[in-house]
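Chemist: Chain by chain, the residues run as shown.
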Amino acid sequence: MKNLIRYVVTRALLTIPMLLILLTIVFVVVRVMPGDPVSSMLGGHAPQSVIDQKKEELGLNRPLIVQYGDYLMQICRLDFGESMILHQKVLDAIGDKIPATIELTFFGMIITLLVGVPLGAYAADKRRSAQDYAIRLYGIVIYCIPVYWLGLMLQMIFGVWMDILPVAGRTGARVFVSTFEKTGFYTLDTLLVRDFEAFADVMLHLVLPSVTLGLVLSGIFIRLTRANMLDVLKSDYILAAEARGIRHRRVVYKHAILNAFVPILTMMGLQVALLMAGAVLTESTFSWPGMGRLLLERIYLRDYPTIQGIIVIFALIVAFVSLIVDIIYALVDPRVRY
Amino acid sequence: MKYSPTSAMGQLIGRMTGMGRKYGVEWWILVIGAVIIAAIIIMALLAPWLAPYSPHDQATGPQLAPPSGRHWLGTDNLQRDVLSRIIYGSRTILGVAILAALLSSTIGITMGLISGYTGGFMDKSLSLVMDSVYSFPGLILAIAFAAMLEPGVISITIAVAVIYIPTYFRLVRGQTLSIKEELYVEAARAIGAPGKVILWKYIFPNVIATTVVVFTMNVGDAIMIEAALTYLGLGLPPSVVDWGMDLAMGKKFLPSGQWWLITFPGGMISLLALGFTMLGEGLAEILNPRLLER
Amino acid sequence: MKSFRWLLVGVLILAMVCATTDVMAKKKTVLVYGTTEKVTDMDPANAYDFHTWEIFYNIYQGLMGYPPGKTNLVPALAESYTISKDGKAYTFKLKKGLKFSDGTPFDAKAVKWSLDRVIRLKGDPSWLVTDFVDHVEVVDKYTVRYVLKNPCAYFPSLVATVPYYPVNPNVYPADKIIKDPAELKGGKLVGLGPYQAVSFKRDEEIILDVNPYYKGPKPKNDRVVIRYFADATTMRLALEKGELDFAFKTFNPSDIVDLQKSKKLITIKGQGPYIRYICFQCQKPPFDDKVVRKAIAAAIDRKEIIRKVFLGQNEPLYSMVPKGMWTHEDSFLTEIGDGNVKLCKKLLASRGYNAKNKLKFELWYTPSHYGDTEVDMAAVIKRQLEATGVIQVTVKSAEWATYKQNWRDKLMNVFLLGWYPDYIDPDNYTAAFAGTAGSAGNGIFFSNKQWDAMFVEAQKNPDQNKRAAIYKKIQKMWTDEVPTVPIFQGTLYLFTQKNIRGVMISPTLQFIYAPIEKVK
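Chains as they are written, first to last, in this note's numbering: chain A, 1 to 338; chain B, 1 to 294; chain C, 1 to 520.
Hints may contain errors.
Said to hold, decoys possible - Rough simulated footprint, nothing fancy, chain B against chain C, three-plus residues with beta-carbon under 8 Å:
#, region
1, 230-237
2, 250-258
3, 303-315
Claimed, not checked - Computed spacing ranges between beta-carbons, pair by pair:
#, chain 1, residue 1, chain 2, residue 2, range
4, A, Q53, C, N72, 33 to 41 Å
5, C, P105, A, D70, 52 to 60 Å
6, B, I42, A, I164, 39 to 47 Å
7, A, L323, C, D116, 48 to 56 Å
8, C, P105, B, G257, 54 to 62 Å
9, A, D163, B, W49, 38 to 46 Å
10, C, A387, B, M122, 38 to 46 Å
11, A, W161, C, E517, 52 to 60 Å
12, C, T491, B, G95, 38 to 46 Å
13, B, L50, A, E56, 42 to 50 Å
14, B, G69, C, K38, 44 to 52 Å
15, B, G257, A, D231, 37 to 45 Å
16, A, V262, C, S262, 32 to 40 Å
17, C, D203, A, Q53, 24 to 32 Å
Claimed, not checked - Straight-line C-alpha distance at most 16 Å; calculated EDC-like pairs for lysine to aspartate or glutamate:
#, chain 1, residue 1, chain 2, residue 2
18, C, K264, C, E243
19, A, K182, C, E204
20, C, K201, A, D96
21, C, K141, C, E79
22, C, K241, A, D163
23, C, K284, C, E481
24, C, K241, A, D201
25, C, K122, A, E57
26, C, K176, A, E57
27, A, K89, C, E183
28, C, K201, A, D163
What the hints contain is simulated information worked out from the structure, not anything from laboratory work. All C-beta atoms in this analysis are idealised placements derived from N, C-alpha and C, irrespective of residue type, glycine included.
I would like the entire structure built from these sequences, with the hints used as guidance.
Modeler: See the structure below:
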């Protein structure tokens with residue numbers, strides 16, 4: 001137990017230099033970008049003196065190294081500063097948008113698991129059969145379809161031609177967000193106020209984006225599940241279970257899948273970067289008001305603090321998830337030395 | 001035996017099926033991937049002869065015409081021919097993706113070799129940097145880079161290349177570390193071979209084999225990143241013909257029924273990425289079946 | 001299991017009953033309005049975009065205003081005004097007995113306080129005040145006097161802009177710009193206009209209810225919900241499904257084509273005040289030469305741009321002063337013409353450019369600020385210029401922040417810009433581009449003493465006819481000097497459901513919600 005705690009602490013400490021490096025890269029990249037937020041927010045009428053004054057207020061005229069130091073200090077205090085475009089705390093702006101991203105990725109992940117794990121397990125069970133190859137081919141093909149194009153095609157088919165699903169956004173125009181919003185997770189909020197009509201509307205709006213995101217990631221999960229299942233199916237206790245006469249289906253889809261699940265879950269942690277990238281593109285296609293859209297909008301406006309804040313949050317999520325994954329792995333797999 | 005196309009063809013098919021029997025379905029996956037890539041590369045090379053119109057010609061026919069005999073893939077609102085734009089667009093995406101993969105592999109492999117061989121503080125800090133970048137969502141980093149640079153083919157190539165350097169670095173460094181301990185390297189060192197010679201003569205050839213597979217898959221990924229950036233409106237000026245940009249332009253016609261403006265550019269991106277992924281997948285299964293299952 | 005199913009059915013029935021009784025209980029008229037615009041700061045001292053101003057038009061009032069759908073200026077919170085002899089002082093008599101929602105009386109002090117606040121906070125639109133007003137005097141409780149720096153013939157139209165709107169001194173902080181209504185004392189956005197904001201959720205929705213303290217005629221609806229869309233496609237589909245009662249700004253050209261054909265919708269079309277044009281950096285060779293600028297103007301075919309890029313929407317524009325504004329002249333059409341390749345070649349030949357020695361330059365555009373039609377427009381203009389055979393164009397782009405920086409740094413020689421007027425007067429369409437100060441602010445750097453003198457004269461002269469004569473002359477001179485090339489004038493499209501009445505839009509972009517109603 002003591003060892004475990006020590007492992008967790010060292011592992012957590014290791015993420016600090018990692019974050020520091022990312023923060024530095026982000027700072028450099030963002031500050032080298034041509035254009036600055038002052039020109040972006042002021043009209044053409046502003047005289048040079050006003051521009052200089054604004055720059056001074058925002059601290060943009062100080063040496064880069066000083067700005068960098070300030071920026072690091074701020075982040076240590078978990079203060080991301082204020083947006084240069086809107087007079088708004090960056091953390092507030094992100095806080096407004098992050099529930100949308102989490103909701104989307106959560107439901108996307110559910111779709112991925114629902115599609116990926118059973119298909120992967122089935123493929124492993126029927127190894128080298130026609131079904132196996134068909135499933136693996138599906139995995140390869142779906143991996144190669146750009147998420148935004150899949151989104152557009154689904155929008156065109158289900159939203160426009162068949163007209164059975166809403167095309168974009170989080171709610172319909174007649175469902176007023178202010179009547180239920182509390183946490184920002186609309187599925188939860190609508191249930192909390194028992195507005196089932198709004199809940200149905202929110203769920204309907206989630207279908208296309210989460211299916212798009214989920215399907216694209218399902219290819220990877222088929223591969224992961226299949227590989228892990230192959231390992232598990234070869235193991236002694238599965239053979240023993242079969243020998244004892246437990247039905248094959250039960251062995252494969254209950255015992256084996258449960259055993260393969262921990263590695264699958266940890267692999268899921270490793271895919272979090274891919275999930276984030278997919279979410280950014282999905283949000284852009286489905287006008288989903290999340291972090292990805294916010295990032296793109298603010299890049300156009302050169303809103304340094306917000307861009308930095310968003311990327312830092314993404315980095316924190318990635319670091320946090322991989323930390324959790326490593327810890328779970330250490331807990332479950334005794335071979336991990338700590 | 002006299003040469004004849006039919007017998008040559010027969011021989012080829014015979015040999016292919018022979019390989020197919022030996023390696024199974026993986027072989028056919030490889031072949032299909034290679035055929036897709038070859039077809040698109042030929043299309044890119046022969047663009048001026050294959051394309052019925054110039055991709056910039058704004059008077060090829062009626063505005064927003066659906067696919068027909070005269071315009072196989074229809075026309076857009078500027079009366080440009082979609083097929084011609086698809087054919088010319090293949091040049092951009094192929095060029096950028098392959099160039100980016102070459103750039104990142106060259107840098108990544110060199111750094112990985114040197115870092116792994118030298119070891120010490122530099123190796124540790126370099127690994128930390130690379131690991132940090134590797135763990136971060138590549139697309140988001142590429143977006144930041146593309147926004148930073150002035151729109152252009154070179155810029156987008158750099159933006160795509162940067163995010164794949166750690167992939168090669170980690171792979172090569174790991175292998176260098178283990179090969180370094182091999183007996184024959186020890187022996188070379190014992191007879192006083194200089195570090196440069198050991199690195200390039202003994203270690204490099206052993207490392208390069210595995211990177212081939214990664215390279216192929218990498219081009220497939222780079223295609224999707226390139227297209228994603230241009231779809232988001234980053235990275236390229238409009239005078240360049242590009243699938244991702246055409247898809248972004250077609251997006252606004254989604255509810256108006258001009259499906260050909262969305263379907264074809266996006267379909268081509270998928271097809272090209274699929275070609276490289278299938279080739280990589282086939283190679284991986286045949287060369288090293290365990291590589292991808294990890 | 002079975003009991004569970006019955007429970008479910010019961011819950012569903014209950015929910016439906018609740019829903020119907022709910023509908024029966026409120027007979028309120030709720031209008032749902034869709035837009036792709038964005039609100040910025042909910043503060044007259046810092047808001048500087050038409051959508052935020054539109055909300056202020058409905059929540060607040062100015063001393064002067066426009067009747068819904070009209071362009072004639074009338075007193076609103078003021079009863080009348082007088083101008084001093086030298087034209088440098090405007091004295092307004094205010095309406096009596098008006099109160100803010102918390103009981104604070106509306107008087108000259110509130111007007112002065114609000115304007116002083118705008119001057120002090122130096123927000124984005126503050127130049128609309130500080131460039132003109134020297135100071136404000138409280139004459140008596142209901143009389144206020146603006147003392148100007150220079151005589152200004154169109155000052156009443158400036159008073160109709162949002163920075164001049166009086167706000168409640170007890171609610172707005174004196175030294176801080178407000179972003180969200182939540183930062184206000186009382187947390188609610190309410191002024192002297194017909195509506196108050198009861199819910200404010202940025203980028204999602206704003207709910208406006210009728211302001212019970214409003215003294216004017218009661219609005220014909222009870223609630224307006226503004227829904228914000230991230231893209232035009234979604235907004236169009238919501239409108240077609242009947243989820244929106246009306247939608248305004250900005251549809252894709254292809255959507256407008258389809259929606260106009262729809263039998264379920266009413267199209268309301270209006271001339272917009274919005275213009276698009278090509279700018280030259282008039283100090284850098286070869287564009288310091290007016291002949292080269294004129295040659296480029298000659299090669300532009302406006303009708304083709306409109307047909308290809310905007311699918312036939314918008315109007316070709318042949319002067320910087322748009323159609324519908326007094327003194328408008330089609331000078332570029334009469335003097336130069338559309339797509340006049342012959343003239344272009346002739347002019348360039350006189351400067352030594354021909355098929356072998358082409359005029360080469362970069363044409364700049366910005367890809368997202370003016371919507372995604374901009375790429376197409378750049379492509380069509382490039383092709384039109386190159387079709388002359390004597391010009392070679394490289395198209396370059398930069399995002400808005402960079403774009404602005406570029407024009408300040410004089411990095412762009414030929415670039416595309418657009419203009420929404422700050423106030424409705426020809427001055428804002430001419431001096432802003434060709435006056436020495438205004439043109440530098442827009443990256444044009446055109447400077448001509450004769451022109452500057454004419455602008456000053458037109459600004460000062462209270463005689464409308466003399467002003468018109470000056471602007472007519474300037475429009476003619478524009479085709480010779482060509483500091484900018486007008487391309488098109490935006491047409492406004494608003495779509496409503498069949499049962500909506502009372503929607504009026506005008507070139508002033510003052511979209512008033514109060515007269516809008518639902519009929520059976």
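Chemist: All hints, please: hold or fail.
Modeler: Hints versus structure:
Requiring three or more residues with a Cβ within less than 8 Å of a Cβ of chain B, the coverage given for the region 230-237 of chain C holds, as 4 such residues are present. Restraint check on the region 250-258 of chain C versus chain B: 6 residues with Cβ-Cβ distances below 8 Å, three needed, restraint holds. Counting residues of the region 303-315 of chain C whose CB lies closer than 8 Å to any CB of chain B gives 4, so the stated coverage by that chain holds, three being the minimum. Between Q53 of chain A and N72 of chain C, the C-beta spacing of about 39 Å keeps the proposed range 33 to 41 Å intact.
Taking the beta carbon of each, P105 of chain C and D70 of chain A are about 47 Å apart, not inside 52 to 60 Å as hinted. Look at I42 of chain B against I164 of chain A: about 41 Å separates their beta carbons, and that is inside 39 to 47 Å. At about 55 Å, the beta-carbon gap between L323 of chain A and D116 of chain C stays in the expected band of 48 to 56 Å. Checked against the hint of 54 to 62 Å, the C-beta distance between P105 of chain C and G257 of chain B comes to roughly 59 Å, which is consistent with it.
Checked against the hint of 38 to 46 Å, the pair D163 of chain A and W49 of chain B passes, with Cβ atoms roughly 43 Å apart. In this structure, A387 of chain C and M122 of chain B break the distance hint of 38 to 46 Å, their C-beta atoms being roughly 58 Å apart. A hinted range of 52 to 60 Å is violated for the C-beta pair W161 of chain A and E517 of chain C, which are about 35 Å apart. Taking 38 to 46 Å as the suggested C-beta distance range, the pair T491 of chain C and G95 of chain B conforms, at roughly 41 Å.
With their beta carbons about 58 Å apart, L50 of chain B and E56 of chain A fall outside the hinted range of 42 to 50 Å. Checking the proposed 44 to 52 Å range against G69 of chain B and K38 of chain C shows it holds: the Cβ atoms sit about 46 Å from each other. The beta-carbon spacing between G257 of chain B and D231 of chain A, approximately 50 Å, falls outside the hinted interval of 37 to 45 Å. The given range of 32 to 40 Å is broken by V262 of chain A and S262 of chain C, whose C-beta atoms sit roughly 55 Å from each other.
Between D203 of chain C and Q53 of chain A the C-beta distance comes to about 29 Å, which sits within the given range of 24 to 32 Å. Restraint check for K264 of chain C and E243 of chain C: satisfied, since their Cα atoms lie roughly 12 Å apart, inside the 16 Å limit. Proximity of K182 of chain A to E204 of chain C is assessed by CA-CA distance (about 14 Å); at most 16 Å being required, the pair is judged to hold. A distance of roughly 10 Å separates the Cα atoms of K201 of chain C and D96 of chain A; the hinted pair therefore holds under the 16 Å criterion.
For a cut-off of 16 Å, the pair hint linking K141 of chain C to E79 of chain C stands: about 14 Å separates their Cα positions. For the hint linking K241 of chain C to D163 of chain A, the alpha-carbon distance of about 10 Å falls within 16 Å, and the restraint holds. Between K284 of chain C and E481 of chain C the CA atoms are separated by roughly 15 Å; this keeps the pair inside 16 Å, and the hint holds. Of the supplied pair hints, the one linking K241 of chain C and D201 of chain A holds, its CA atoms being roughly 14 Å apart against a limit of 16 Å.
Restraint check: the Cα-Cα separation between K122 of chain C and E57 of chain A comes to about 13 Å, which is no more than 16 Å; the hinted pair holds. In summary, the hint linking K176 of chain C to E57 of chain A is supported, as the alpha carbons are separated by about 14 Å, within the 16 Å threshold. The suggested pairing of K89 of chain A with E183 of chain C holds, with an alpha-carbon distance near 13 Å, which does not exceed 16 Å. Between K201 of chain C and D163 of chain A, the direct Cα distance comes to roughly 29 Å. Violation of the 16 Å bound is thereby established for this hinted pair.
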